[in-house]
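Mind docking these for me? Both chains are given alone in their own frames, and the hints should help you get the complex.
The listed protein sequences correspond, in order, to chains A and B.
According to the working numbering, the first sequence holds residues 1 to 241 in order.
According to the working numbering, the second sequence holds residues 1001 to 1392 in order.
Since the hints were derived computationally from the structure, they do not count as laboratory data.
No experiment lies behind these values; they were computed from the predicted model shown.
Certain hints may be false.
Derived DEER-like restraints, expressed as beta-carbon distance ranges [said to hold, decoys possible]:
| # | chain 1 | residue 1 | chain 2 | residue 2 | range |
| --- | --- | --- | --- | --- | --- |
| 1 | A | Val-92 | B | Leu-1258 | 48 to 58 Å |
| 2 | A | Ser-120 | B | Pro-1020 | 56 to 66 Å |
| 3 | A | Glu-85 | B | Gln-1023 | 46 to 56 Å |
| 4 | A | Pro-190 | B | Ser-1040 | 58 to 68 Å |
| 5 | B | Thr-1041 | A | Gly-83 | 22 to 32 Å |
| 6 | A | Val-92 | B | Glu-1273 | 21 to 31 Å |
| 7 | B | Pro-1020 | A | Val-164 | 46 to 56 Å |
| 8 | A | Asp-59 | B | Glu-1247 | 26 to 36 Å |
| 9 | B | Lys-1153 | A | Ala-198 | 39 to 49 Å |
| 10 | B | Gln-1023 | A | Ser-120 | 27 to 37 Å |
| 11 | B | Ala-1316 | A | Leu-49 | 27 to 37 Å |
| 12 | B | Glu-1148 | A | Pro-190 | 29 to 39 Å |
| 13 | B | Ser-1385 | A | Thr-219 | 50 to 60 Å |
| 14 | A | Ser-62 | B | Lys-1335 | 51 to 61 Å |
Note that CB positions come from ideal geometry on N, CA and C, so glycine has one too.
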Amino acid sequence: MGGDPGQELFLSYAREVARQSDIVEVGIPFSDPIADGPSIQASGVRSLLSGTRVRRVIDWCSELSGSTPVVVMCYYNTIHRMGEEAFASSLVDAGVSGLIVPDLPLEEGSSLRRICARMSVDNILLASPSTGQERARRIASSTRGFLYVVSRYGTTGEGTSLPVQAVELVRSYRQISTLPVAVGFGISSPAHVSTLAAAGADGVVVGSAIVSRIGAGQTPGEVGKFVASLRGSTLRAAAIS
Amino acid sequence: MVKGRFGEFGGRYVPETLVPALQELESAYKRLSRDAEFKSTLRHYNTHFGGRPTPLYHAQRLTEHAGGARIYLKREDLVHGGAHKFNNVMGQALLAKMMGKRRVIAETGAGQHGVATAIAGAALGLDTEVYMGRKDTERQRLNLIRMELLGAKVHPVDSGSRTLKDAINEALRDWVANVRDTYYLLGSAVGPHPYPTIVRDFQSIIGREIRSQILAAEGRLPDLIVACVGGGSNAIGAFAPFIKNTEVGLLGAQAGGLGIESGRHSAPLLAGEAGVLHGARSMLLQDSDGQVLETTSISAGLDYPSVGPQHSYLKAAGRARYIAVTDAHAMEGFKLLSRLEGIIPALESAHAVYAAVEEARKMPADSIVVVNLSGRGDKDVETASAYMEGRR
Ligand SMILES: Cc1ncc(COP(=O)(O)O)c(C=O)c1O
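Chain B extracted, bound-state conformation (with noise of 0.2 Å):
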């Protein structure tokens, strides 16, 4: 395979000035990540400061419901700031560190990437800057208050859709500006090589887990691994260890919006064609002039028209499946996991549990299907109560 690329997807579609620093990166990240100092550093802050491992836990209330496959949670909600988004930056704000950059800036969508990266900042003495779309700031203001009380500075973005897209466009732009002092903490595993890779290896441990998890609860692999799928770090982290086992299967819940049918959605994976944005090629929600269309999610942290490369690549390869999961079906998640089993998920990972309770409603007793739970909702709570009441 290509380097940069898998199969036919990833690249380094970017501007002149950043391809220097992209090599910069890449041959830092090939050096410190084999580099033990840093390995035990990072695994020092997993443990320590981040709460990990995170427990695999057996939910019992919405296996009964669900009537089929056992279901397990991967509380990667439990994770300190409440998501795994803090997997990939702190991996990242390390490698920042040691590469002697001073600024370091991130976009977000749902701003968990953000608050991850506002984190990291605090801890490491990091100045940290986010790009948020300016709609994102309005619907997950909670986070944009944890940002700015972590001591970050946030940037609301009033460009195109005013959502995650144009927040990393924003970022990028700022970074071609200052590229020779600031490091750009990509929070999901999308852009220019050798982004989608470091994300994806910064997450696996999400995967590296499940696996040694479910091998001590239950003695064997699970069937089915499910995961929402936004830029896909949250499922690229949970499914890589697991790609060559080809008997588990691999399930990726995209965000359907309003239904595909209705063509507001943020499901490239379902309803796109191949393009380029933010640096690479992957499947894309575009019109027949490649002008890339806006996207609609009840989730801001999914509401993003293109989608890792690997990930294009897995559906393409037929390794991995990928499902639209409806607004309404996420919002039936997200009330089901809340009271069945005393989780108020990540409107994102609400989506991931319905297309899981849908899946092991059709599988034998006997088998095992691991939802991977990657946010907490508590950024969510206004959004859900508007929709409840009808106000949205």
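Isolated chain A (complex conformation) (with noise of 0.2 Å):
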């Protein structure tokens, strides 16, 4: 989460997590997120409590793009405020490879996706266990980077086992999609992610489990070394830092 746990510290945490992943997810914190639990929702408050801006944030993406992709990760209001074109135009000067809008559902996006088609930014979208077969194709084709599997019903957060049909998702998924399939919510552990892979999953998405650990004051190294161990050996492993 971009800002925390401090506008100084920030950078620190996100190389760590960079250099053990193939991809580094920055969230733009938001007053209002409804779709994060407890974890992601504390960093958001720790990030916007020592007045993090949404500027500042982009313009970490730019020192951390030189070495790995980029994914910014946000709520709608934030790029509405900006204005669509603004917003995606900011990514691109960063050199931001792709966006997900976790409230932004395939039937509003359209605009968003156009302008981020039309500047070589990939607009990431989410399929969740409740979407349909017939929308889920939609979603598949739609989607640019990869597709971002929700592995469960909820907010995102830690948790102890992987969802029963989490596996059941992927394999279906990487049926349908053509991009590289990534899974997200609740993935905190090794045994998730060799399980995931084994699915047929193309890569992770992990957030709470990163922000809990910067949240409960472990060092970079520390938090690096987590991630680590998280990489399966077959996988690709985005990270939200």
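Shown next as structure tokens:
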């Protein structure tokens, strides 16, 4: 999460996470993150309290994007406020490769998708366990970069066990998607990662498990080690910071 | 007009997990709202359980006090539970039941929507859980107790500003996790499509009754209808049946808090800009980064940074007018109605009372103003007496 655990410290954590992942996902904190559970909410609160501004997070992205592909995660009002066109072009200027907007479903996102496509920013769409087949196909054909499969019903947050439907979801999305499939929400242990990799996942997205370690005061090195431990040998791992 | 949109406002900005549930709700509502049995069941509960129709009462002494237009009160304070919230809740609770949902969740600010949901939950045998900001559990304690007595489980919310906005955030998070067996009974004309439409339709019984009652009493439509606007459900319910009658003025009173200039208020229609919160694009109090601002109001039910999308549309289209009424002026309305008419209004409704008196004053004696008295003030007596003693 951009700006967590503070304006100075953020980049040192982000660089460690980036070193251990194939993609680093940078969150822009939002006052009302309805798709997030307690860990990422707390991370956003820490960031906002330390004075994080949207422009600043995008500047940090440009410092990271030279060495690792960067994907930005933010709520739609952040984009709406700046304007879709201006927001997307600020990402381009910062060398950002992709954009995830958890509260912008297929129907509301067509203009942003068009703008992103024109500017060569991958607008990554989410599919969920509640998504029906027909809709899943439309999402799979509209997403760019990769397909983000939400592993379970609920908000982000660490889970002890992998949701029962996750493996089944990965198998079915693997079949309909021509792009890599990455699984997120609740992924927090090497066992989760290897199970998903065996089911055909090309990547995992890890958020809460990382930011809760940052919140608990682990050093960048310790957090980096945790991310390294998650990486299955066959997996392209994406990570949130 | 695009489905689910009111001009540029409205829409469905939610996580993917909720989209199928909202589509299911939309089609269930479409089917049931035309179903004769559903309509007669709802009519039965509204009449025999809710106490509808509510009176349209000529407030003689308030009229004399204002010295202008004749003022009528639409007595939603007399609905079961003590506020207009019942109208929407009963409709949606029946919808939930017919959709086969066993568990109902709700958010509440003033506690009136939570109480109404607990009432319907008890009457229909639904498990009811209510999210309420910690600050509101304190200032509307009476309603917290009522909800618990009615068998609802109340979850105090400690995130953000610990008020209505945060209660909605938490209810949405619950819904994302439990969407398969849970119905989210949203309490105002806000949120993603189809909620603003469903809530408006169920609340429109207010406006339909006003129409037939004022025609019976005066032989013509009113010149002005006044209602307070938090999320905007009582107001849209009173306004909607009159939108096409352009000779009827529509006036919404938002919470001016300590005054618009102070920056401490809850009046997005006066001081907000378009933004997206809780699934809809509407006017929103936000900073230059799009972070939602904290709001201030003496009334928990109006303490909200956004507003139902149809109000943003009515304002943009010039069909309705909106003003801000400060805490101090709302307290004047509260005292006036109590002393002149023997009716203690909810602090929310007191904003509309004040606005109506100010408007009536400027209008000729043969004109007619209807105030939607959205709720009764029992829940507010502690806040009001503390305010009058200068303790807040
Ligand atoms: C009595 C009363 N009036 C008005 C409101 C504001 O809601 P709305 O604007 O949806 O009518 C509330 C909300 O709690 C209320 O309890």
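How the hints compare with the structure:
| no. | hint | in the structure |
| --- | --- | --- |
| 1 | Val-92/A - Leu-1258/B: 48 to 58 Å | violated, 43 Å |
| 2 | Ser-120/A - Pro-1020/B: 56 to 66 Å | violated, 31 Å |
| 3 | Glu-85/A - Gln-1023/B: 46 to 56 Å | violated, 30 Å |
| 4 | Pro-190/A - Ser-1040/B: 58 to 68 Å | holds, 60 Å |
| 5 | Thr-1041/B - Gly-83/A: 22 to 32 Å | violated, 48 Å |
| 6 | Val-92/A - Glu-1273/B: 21 to 31 Å | holds, 25 Å |
| 7 | Pro-1020/B - Val-164/A: 46 to 56 Å | violated, 19 Å |
| 8 | Asp-59/A - Glu-1247/B: 26 to 36 Å | violated, 56 Å |
| 9 | Lys-1153/B - Ala-198/A: 39 to 49 Å | holds, 40 Å |
| 10 | Gln-1023/B - Ser-120/A: 27 to 37 Å | holds, 32 Å |
| 11 | Ala-1316/B - Leu-49/A: 27 to 37 Å | holds, 35 Å |
| 12 | Glu-1148/B - Pro-190/A: 29 to 39 Å | violated, 45 Å |
| 13 | Ser-1385/B - Thr-219/A: 50 to 60 Å | holds, 54 Å |
| 14 | Ser-62/A - Lys-1335/B: 51 to 61 Å | holds, 58 Å |
The earlier numbered hints that this structure contradicts are 1, 2, 3, 5, 7, 8 and 12.
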